[in-house]
Amino acid sequence: MSSVSRAASSTPETFQRKATGLVREAGTLDVLVYNINFVSLGLMTALVFLFSTAFYPGANLYLTALLTFLLVIPTSLVFAFFASAMPRSGGDYVYVSRTLHPALGMMSSWNNTVWWFVYGGVPSAFFAQLGLAPFFSTVGQMAGVDWMTSLGDWFLSDVGTFVAGSALIAGLVAVFSRSMRLFFRIQNTLFFVSLISLVLTAIVWLVRSQSAISASLGEGLGEGTLRGLGQAAGDAGFAAGGPFSLKWTILAGTWVYINLVFNQSSAYIGGEVKRATRLQLWSMPIAATIAIFVLLVLLALGDKAVGLERIGQLSASQGLLFTQIAAFGSGSTVIAFLIMFCFIFAAYTWLPGQIANASRNLLAYSIDGLMPKALGRVHPRHHTPVNALLLVGAGSIAALAAFVWVPDFATLVGIFGFILGFMVVSIAAIVFPYRLRDVFEASPASARIGGVPWMSIVGALSFVALAIMAWAFLTDPSAGLNGKPWLIVMNVAIFFSGLVIYVIAKAVQRSRGVDISKRFAEIPIE
Amino acid sequence: MRIYYASDVHGSERLWRKFLNSAAFYEADVLVMGGDLTGKVMVPFVESKPGTWSARIFGKDQKLNGEDKLADALKSVRLNGFYPLVCTKDEYDALNSDPKRRDQTFKQLMREELGRWLLLANEKLSGSGVRCYVMPGNDDEWDIDDVLENAPDPIETCEGEIVSFDGVQMLSSAWTNPTPWDSPRELPEDELYDRLARLSAQLDADTPVVFNLHCPPHDSGIDQAPQLTEDLRVVAEGGEPKLVPVGSHAVRRLIEEVQPLVALHGHIHEARGAVKIGKTLCINPGSVYGEGVLDGAIVDIRDGQAMAHQLVSG
Numbered sequence: 001m002s003s004v005s006r007a008a009s010s011t012p013e014t015f016q017r018k019a020t021g022l023v024r025e026a027g028t029l030d031v032l033v034y035n036i037n038f039v040s041l042g043l044m045t046a047l048v049f050l051f052s053t054a055f056y057p058g059a060n061l062y063l064t065a066l067l068t069f070l071l072v073i074p075t076s077l078v079f080a081f082f083a084s085a086m087p088r089s090g091g092d093y094v095y096v097s098r099t100l101h102p103a104l105g106m107m108s109s110w111n112n113t114v115w116w117f118v119y120g121g122v123p124s125a126f127f128a129q130l131g132l133a134p135f136f137s138t139v140g141q142m143a144g145v146d147w148m149t150s151l152g153d154w155f156l157s158d159v160g161t162f163v164a165g166s167a168l169i170a171g172l173v174a175v176f177s178r179s180m181r182l183f184f185r186i187q188n189t190l191f192f193v194s195l196i197s198l199v200l201t202a203i204v205w206l207v208r209s210q211s212a213i214s215a216s217l218g219e220g221l222g223e224g225t226l227r228g229l230g231q232a233a234g235d236a237g238f239a240a241g242g243p244f245s246l247k248w249t250i251l252a253g254t255w256v257y258i259n260l261v262f263n264q265s266s267a268y269i270g271g272e273v274k275r276a277t278r279l280q281l282w283s284m285p286i287a288a289t290i291a292i293f294v295l296l297v298l299l300a301l302g303d304k305a306v307g308l309e310r311i312g313q314l315s316a317s318q319g320l321l322f323t324q325i326a327a328f329g330s331g332s333t334v335i336a337f338l339i340m341f342c343f344i345f346a347a348y349t350w351l352p353g354q355i356a357n358a359s360r361n362l363l364a365y366s367i368d369g370l371m372p373k374a375l376g377r378v379h380p381r382h383h384t385p386v387n388a389l390l391l392v393g394a395g396s397i398a399a400l401a402a403f404v405w406v407p408d409f410a411t412l413v414g415i416f417g418f419i420l421g422f423m424v425v426s427i428a429a430i431v432f433p434y435r436l437r438d439v440f441e442a443s444p445a446s447a448r449i450g451g452v453p454w455m456s457i458v459g460a461l462s463f464v465a466l467a468i469m470a471w472a473f474l475t476d477p478s479a480g481l482n483g484k485p486w487l488i489v490m491n492v493a494i495f496f497s498g499l500v501i502y503v504i505a506k507a508v509q510r511s512r513g514v515d516i517s518k519r520f521a522e523i524p525i526e
Numbered sequence: 001m002r003i004y005y006a007s008d009v010h011g012s013e014r015l016w017r018k019f020l021n022s023a024a025f026y027e028a029d030v031l032v033m034g035g036d037l038t039g040k041v042m043v044p045f046v047e048s049k050p051g052t053w054s055a056r057i058f059g060k061d062q063k064l065n066g067e068d069k070l071a072d073a074l075k076s077v078r079l080n081g082f083y084p085l086v087c088t089k090d091e092y093d094a095l096n097s098d099p100k101r102r103d104q105t106f107k108q109l110m111r112e113e114l115g116r117w118l119l120l121a122n123e124k125l126s127g128s129g130v131r132c133y134v135m136p137g138n139d140d141e142w143d144i145d146d147v148l149e150n151a152p153d154p155i156e157t158c159e160g161e162i163v164s165f166d167g168v169q170m171l172s173s174a175w176t177n178p179t180p181w182d183s184p185r186e187l188p189e190d191e192l193y194d195r196l197a198r199l200s201a202q203l204d205a206d207t208p209v210v211f212n213l214h215c216p217p218h219d220s221g222i223d224q225a226p227q228l229t230e231d232l233r234v235v236a237e238g239g240e241p242k243l244v245p246v247g248s249h250a251v252r253r254l255i256e257e258v259q260p261l262v263a264l265h266g267h268i269h270e271a272r273g274a275v276k277i278g279k280t281l282c283i284n285p286g287s288v289y290g291e292g293v294l295d296g297a298i299v300d301i302r303d304g305q306a307m308a309h310q311l312v313s314g
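Residue numbers (the working numbering), protein chains in the order written: chain A, 1 to 526; chain B, 1 to 314.
Derived SDA-like pairs (lysine to any residue); straight-line CA-CA distance at most 20 Å:
1. B:K63 / B:P50
2. B:K60 / A:D438
3. B:K60 / A:E441
4. B:K60 / B:P84
5. B:K107 / B:D143
6. A:K373 / B:L311
7. B:K124 / A:P524
8. B:K63 / A:E441
9. B:K124 / B:V147
10. B:K60 / B:D72
11. B:K75 / A:R435
12. B:K276 / A:R381
It should be emphasised that the hints constitute simulated quantities derived from the structure, not laboratory data.
With the hints as extra help, turn the sequences into a complete structure.
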């Protein structure tokens with residue numbers, strides 16, 4: 001033994017010998033960026049300005065943002081507590097399997113995996129609809145370049161959206177097959193590039209007067225468009241404004257929630273290096289806090305510079321993104337180019353994480369005998385799960401086709417399914433301190449109030465918050481579930497399909513002499 | 001015949017107890033513990049006044065009043081992979097100011113705790129018909145070797161040996177290629193290969209072979225560990241630790257040459273998985289000893305073939 005280290009203190013310190021594996025942890029900044037990236041600041045802001053400003057009568061969007069934040073935080077903390085108590089495990093598959101039952105772990109995890117597949121279709125469509133098309137249309141219109149405007153129109157068409165989205169999915173699968181980490185390094189850089197779009201939008205709204213922006217909008221869109229805006233918006237279903245309504249204020253949060261709730265994505269990163277420090281514990285809620293702060297600032301600036309009601313009218317009648325409103329409002333083609341070009345990298349940000357997480361899960365199922373071995377094939381040189389990636393890619397392209405050509409498949413239809421999965425994780429959090437007492441006691445999440453573990457309290461709050469959001473998604477007319485019982489049935493069926501897979505896999509493996517129920521079953525210590 | 005393999009328990013008595021119970025739990029005939037048995041942290045319990053002890057447990061300062069509270073805390077500390085040391089204030093101060101004394105005390109605790117573990121194994125497994133092979137890993141001090149060699153039945157130490165059971169022969173080695181921590185049992189790749197090749201030369205050519213090598217083969221996917229800077233800081237890319245292959249070229253070469261049925265490995269905790277190198281099934285069950293969970297691998301061998309395997313987390 002070469003040395004035993006100690007730290008000076010008035011209380012007895014522990015002594016640590018020099019041994020393998022003792023490393024300094026990765027920076028919290030890295031984890032923060034990863035989580036904020038998953039929140040998709042740009043997309044969240046775009047969807048809030050596009051829909052929440054237009055179709056929620058009596059909604060106070062500042063309150064919407066704050067209430068949604070409060071509803072997300074307990075779920076965020078549930079994942080944060082779990083990630084600090086089981087730092088190397090990563091994700092609800094292990095949390096639920098160990099705490100409740102392997103079958104429930106599979107059910108919860110499979111539910112997420114399916115929705116990650118399905119949601120592969122949404123951001124890949126956004127790539128064309130919210131990224132490429134607005135870029136070419138806006139810049140083409142402002143610079144008077146017809147081919148750009150035409151190209152923008154093509155990207156908005158069904159075929160254009162499908163081609164661009166498919167190319168993005170195929171490209172990501174190809175890159176991930178070589179190295180997922182390389183991509184995320186690039187994506188983190190692109191994340192900062194996409195922030196340029198938000199920063200420039202904020203600057204335009206901050207420094208230009210309302211009249212100057214209105215004049216520039218008139219030039220860009222045509223004075224006739226602005227004069228008939230109220231009528232056109234009304235015809236398009238614009239319904240914002242009017243007396244305050246708490247119900248619509250909550251419902252408007254669906255567009256915030258679908259982004260913000262994924263601030264816990266670093267829970268899926270394994271690795272001994274993600275040590276259970278208290279700082280790590282807070283990285284997820286901090287990511288949510290930063291994201292909601294940025295949204296509030298942009299709402300306030302948009303309100304001051306254009307007016308939220310007018311933004312809602314422009315969104316409803318023209319389908320204009322907030323970035324387009326800022327781009328046109330800037331009166332400068334160069335600034336418009338920068339705003340719209342940089343926003344392309346914000347338009348699809350859900351997609352890489354979804355592909356990565358879904359393929360990681362498929363790999364884990366295969367290793368555990370819950371899926372065919374072929375899915376667990378890892379490239380001998382690059383160590384990437386190539387077959388799982390190909391399957392996720394194919395599934396995402398199929399989902400993209402559904403999103404483009406099946407009218408009932410709206411952006412928000414699957415979040416209800418995610419909520420069901422998060423509810424199971426919340427239940428696991430409630431009972432975790434009692435079922436895995438020693439793991440809990442040894443973790444930084446072991447704090448209590450009045451003898452009750454914070455983790456249990458947070459789990460219960462998360463469950464209630466999720467129930468409220470489940471109600472919101474079932475009630476919100478824009479969410480796509482209201483009045484479509486078959487979509488609700490599909491959500492519930494997907495939720496329980498993991499159980500079916502578990503039962504089938506158990507029978508198949510039993511015939512080979514393998515008992516998969518032992519996969520996560522705890523060995524007694526006495 | 002069913003083998004249950006686990007490794008890298010790093011002083012966690014909880015995991016050791018689980019390992020001993022794993023034979024009954026997974027219906028295994030043979031248990032193999034693949035090294036890195038000893039813990040990394042010593043927790044002093046300083047008697048501040050008669051019947052009262054203070055200690056820092058899991059990062060929290062605690063005052064323990066009475067023998068019962070102390071006993072509970074000692075048990076909890078042991079179960080979680082730390083070595084408790086009950087001492088007076090003077091003894092603690094002496095340890096605090098004298099690195100050599102700390103080293104000696106740590107080693108003594110390791111030996112005592114391991115001795116207790118082996119007696120526990122004797123109680124649990126004696127008469128069960130289960131064979132239990134235990135070896136140190138690269139991280140274990142030399143001081144524990146004689147404790148293992150004098151282990152009571154049915155524990156057998158197997159480091160640097162070839163042992164036979166149920167129609168297979170198992171070659172075991174605790175040694176690894178160099179690590180950033182300069183642990184006790186490390187060798188440069190060429191010397192490691194020579195050591196392993198000398199051992200493999202003793203294998204019977206007609207009997208199926210199992211490797212029990214603490215270090216996994218290089219660039220096999222079950223040897224991926226975070227890249228570190230010179231000051232042992234983790235290199236992160238895209239918010240995640242950058243993983244690089246750190247396994248042994250010598251181990252890989254030996255596997256490619258001998259092509260055993262199965263190669264069982266530990267050492268790299270985060271590289272859980274099973275891969276094929278030629279005809280050999282190479283398994284690293286990983287380790288999450290800090291979470292109180294025993295990661296292991298079940299391997300069924302029948303008629304000289306590896307019929308099935310499963311990674312389990314108990």
